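For this one, chain P is given, so just place chain Z on it according to the hints.
Order-wise, the sequence lines are chains P and Z.
Counting from 227, one number per residue, gives the positions in the first sequence under my numbering.
Counting from 96, one number per residue, gives the positions in the second sequence under my numbering.
Hints were generated in silico from the structure; no laboratory data involved.
These numbers come from a predicted model, not from an experiment.
We put the CB at the ideal spot given by N, CA and C, even for glycine.
Don't take each hint at face value.
[To be verified] Facing chain Z, a subset of chain P residues (Cβ under 10 Å, in silico):
#, residue
1, A235
2, L238
3, L330
4, G335
5, L338
6, E341
7, N342
8, I455
9, F461
10, V465
11, A502
12, S504
[To be verified] Covered stretches of chain P (chain Z as the covering partner; in silico rule of three or more C-beta atoms under 8 Å from a C-beta of chain Z):
#, stretch
13, 317–327
14, 494–501
[To be verified] If you anchor each label on the Cβ, the simulated ranges turn out as follows:
#, chain 1, residue 1, chain 2, residue 2, range
15, P, V316, Z, V192, 33 to 41 Å
16, Z, S369, P, E365, 53 to 61 Å
17, P, W497, Z, R200, 26 to 34 Å
18, Z, S229, P, G446, 23 to 31 Å
19, P, K421, Z, S229, 49 to 57 Å
20, Z, N223, P, M293, 55 to 63 Å
21, P, Y373, Z, K298, 54 to 62 Å
22, P, Y445, Z, S272, 19 to 27 Å
23, Z, L328, P, L387, 40 to 48 Å
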Amino acid sequence: MDILVQTLADGLVIGAFYSLIALGYTMVFGIIKLLNFAHGDLYMLGAFVGYTLLSVVSGNGSGAGLMGIIVVLFLTMVIVGAIGMGIERVAYRPLLLAPRLSILITAIGVSLFLENGSMLFWGAQYQVYPLQLSHDGWEVFGAHITYTQIGLVIISALLMLGLHLFISRTLYGKAMRAIAHDQTACHLMGINVHKVIALTFFIGASLAAGAGTMAGAYYGTVNFMMGFIIGLKAFTAAVLGGIGSIPGAMLGGLLLGMMETAGTFLFGGSWKDVVAFSLLILILVLKPTGIMGEKVTERM
Amino acid sequence: MNPLGKKLSIILSLVVACCLPFLTNNYWLDVATLALFYIVLAQGLNVVVGFAGLLDLGYAAFFAVGAYTTGILMTVYQWSFWLTLPVSMAIAAVVGVIIGAPTLRLRSDYLAIVTLGFGEIIRILAINLDITGSASGIYGIPRPSIGSYMLAGQMDFYYLILIIAILAVLAVKRLGSSRIGRAWMYIREDEDAAEAMGINRIKMKLLAYSIGAVIGSLGGSVFAVKMSAIAPLSFSFTQSIMILLAVVLGGLGSIPGVVLGAVLVIALPELLRSVEDWRYLIFGVALVAMMLFRPQGLWPARYDTGKDSAHEADTLRTEGSDRDVQLDSEKCNA
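So here's chain P without its partners, still in its complex pose (with noise of 0.2 Å):
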């Protein structure tokens, strides 16, 4: 009982920054059907500006307190979302019209921009996160669950809530949800179809930023490289709940998260990434429109 709780608490925090990456992923695909392969490392790089911008906050070590990470968080967020924004401006815009293998292999050039650019900038070593977050929490059914998971899970909660109202209730919102249906239509209706898609961009990063803060603190420390494998799956969970639904995203995140802690329990440590990714080949191969997914009749 005690281990089933604690895998469960312990996949939740995972499945959480799953669902915050896979939500970029999927609000992208959704929008200009691009497969971003540089969006695990916008994760990357939001754990690094989160780093950067918490030692100049907790600089003379007097700690961050909560104001102070709130509005790390905060400005990582914007930061790393503009960068994606830019991304989008520079390498995937004037591409839109090519074919979609010149995107992808543009999507892999950011990718491997991104992950150098940081290791020269942060250096190649991990780095410690300056933040040491409590591990109090409380006992439950014999499992340790500490306020730092539940704090994050309810950081990433609030984050999928808002992007829910957003996407639901506003205009901005439902010229996305229009431009994933017909594109040339939106265009046709004076939808400014450019600036809407730059939009997606700057949310998709600026989430997954988030949950690179996130992870930061939660485990510490920092890579240059820790974008590739956690871009992998959140594709994984992405897939899983039926790729350009946000709902499914979320779904597939935290499903993703507490499937890979069981198959860590059963399996050790080393194998949990196989488990991840057979699961995202059964997946492809049994249910490709996922859990949520809408039918896709298009072949391409």
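Chain Z only, in chain P's frame:
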């Protein structure tokens, strides 16, 4: 270039390649050997990405399959090197089909991500399994011999891989201009139209995928005996990306272009030793810049489209199968 000039330049480059061991020192001979490996691998990937238009991001996995099959068979079961070749190629073909068959029916981006995941699975398997020597890999792989002559020196391996590279280039060239090659390019250009013309889409894609796998595993087998030790580190995602870079840099679907690309990918880092840390950053920028400004590559493929040469440029520009988005965006921009 006229046919005579073309023939002359091919003969000239072959002569240079054959004489190279006598002209350079050991260091550059090693670089040249590595470049030849990349030519083999890049030609294999060229079949998959260049001809059939299937983005494979886990190509190093097939390289690993070849290397590990040969390594295990030679160290554990004491097989002769030459006997391991057909076995590793057969295994690679089967693995290619196992991964390809269920996913080739899906969108091309899904294939990209599945191959990426598959590449990682193979690497993690190699790290975790006992038979593959876990993280330290397999070492002490014996040298191959022809009759009583043992291939041991640097020069021997240079010539071995040179022969294999020439065979690979010839095979890919012949395949590209065959009926199968034309079917691949048709699928790449327009899948639906190709199917309407009676091309078996799945079968052709699977064939491209398996042939790519076989060539990759051949490179891997030779790599294993050349290095005499293999470790999971050699088969990382970065390796797959470097091979892809060679293909993209040279020109998707272009045989001489891919040879040029492979040589560049190996030679440039050697020339750029002073900025070693910047290497992958530069490669990343190169990938983006190539796609933005010269998507057809440094040495683009030339398609034999008969007398209508104006049409040729057109075919190059609309490479790929995704017409719908293209039309949509065109309308949007209008």
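Hints, one by one, checked against the model:
1. Using the Cβ-Cβ criterion of 10 Å, the hint placing A235 of chain P at the interface with chain Z is not satisfied: the shortest such distance is roughly 26 Å.
2. For L238 of chain P, the shortest C-beta to C-beta distance to chain Z is roughly 24 Å, which exceeds 10 Å, and the interface hint is violated.
3. The criterion of a C-beta within 10 Å of any C-beta in chain Z is met by L330 of chain P, whose closest approach is roughly 6 Å, and the hint holds.
4. Because the beta carbon of G335 of chain P sits about 3 Å from the nearest beta carbon in chain Z, less than 10 Å, this interface hint is met.
5. Because the smallest distance between the Cβ of L338 of chain P and any Cβ of chain Z comes to about 3 Å, under 10 Å, the interface hint for this residue holds.
6. Given the 10 Å rule on beta carbons, the hint for E341 of chain P holds: about 7 Å separates it from the nearest Cβ of chain Z.
7. The interface hint given for N342 of chain P holds, since its Cβ lies 4 Å from the closest Cβ of chain Z, which is under the 10 Å cut-off.
8. With 10 Å as the threshold, the beta carbon of I455 of chain P comes within range of chain Z, its nearest partner Cβ sitting at about 8 Å, so the hint holds.
9. This hint holds: F461 of chain P has a C-beta 6 Å from the nearest C-beta of chain Z, less than the 10 Å allowed.
10. Evaluation of the V465 of chain P hint against chain Z yields a held restraint, the C-beta minimum of about 8 Å falling below 10 Å.
11. Contact between A502 of chain P and chain Z, as hinted, is supported at the beta carbon level, the nearest pair being about 8 Å apart and thus within 10 Å.
12. Among the interface hints, the one on S504 of chain P holds; its C-beta lies about 7 Å from the nearest C-beta in chain Z, closer than the 10 Å criterion.
13. Closer than 8 Å: that is the beta-carbon criterion, and the stretch 317–327 of chain P has 9 residues meeting it against chain Z, so the requirement of 3 holds.
14. Coverage of the stretch 494–501 of chain P by chain Z holds. Counting CB-CB distances below 8 Å, 4 residues qualify, and the rule asks for three or more.
15. Remark: the range hint 33 to 41 Å for V316 of chain P to V192 of chain Z is upheld by a beta-carbon distance near 39 Å.
16. Restraint check, S369 of chain Z to E365 of chain P: a C-beta distance of roughly 58 Å satisfies the suggested window 53 to 61 Å.
17. Restraint check, W497 of chain P to R200 of chain Z: a C-beta distance of roughly 28 Å satisfies the suggested window 26 to 34 Å.
18. A hinted range of 23 to 31 Å for the beta carbons of S229 of chain Z and G446 of chain P is consistent with their spacing of about 27 Å.
19. Take K421 of chain P and S229 of chain Z: their Cβ atoms lie about 52 Å apart, and the range 49 to 57 Å holds.
20. At about 45 Å, the beta-carbon gap between N223 of chain Z and M293 of chain P misses the expected band of 55 to 63 Å.
21. Range check, Y373 of chain P to K298 of chain Z: about 58 Å between beta-carbon atoms, so the 54 to 62 Å window is met.
22. Taking the beta carbon of each, Y445 of chain P and S272 of chain Z are about 53 Å apart, not inside 19 to 27 Å as hinted.
23. A C-beta distance of roughly 43 Å is found between L328 of chain Z and L387 of chain P, which places it inside the suggested range of 40 to 48 Å.
The structure is inconsistent with the numbered hints 1, 2, 20, 22, although it conforms to all the rest.
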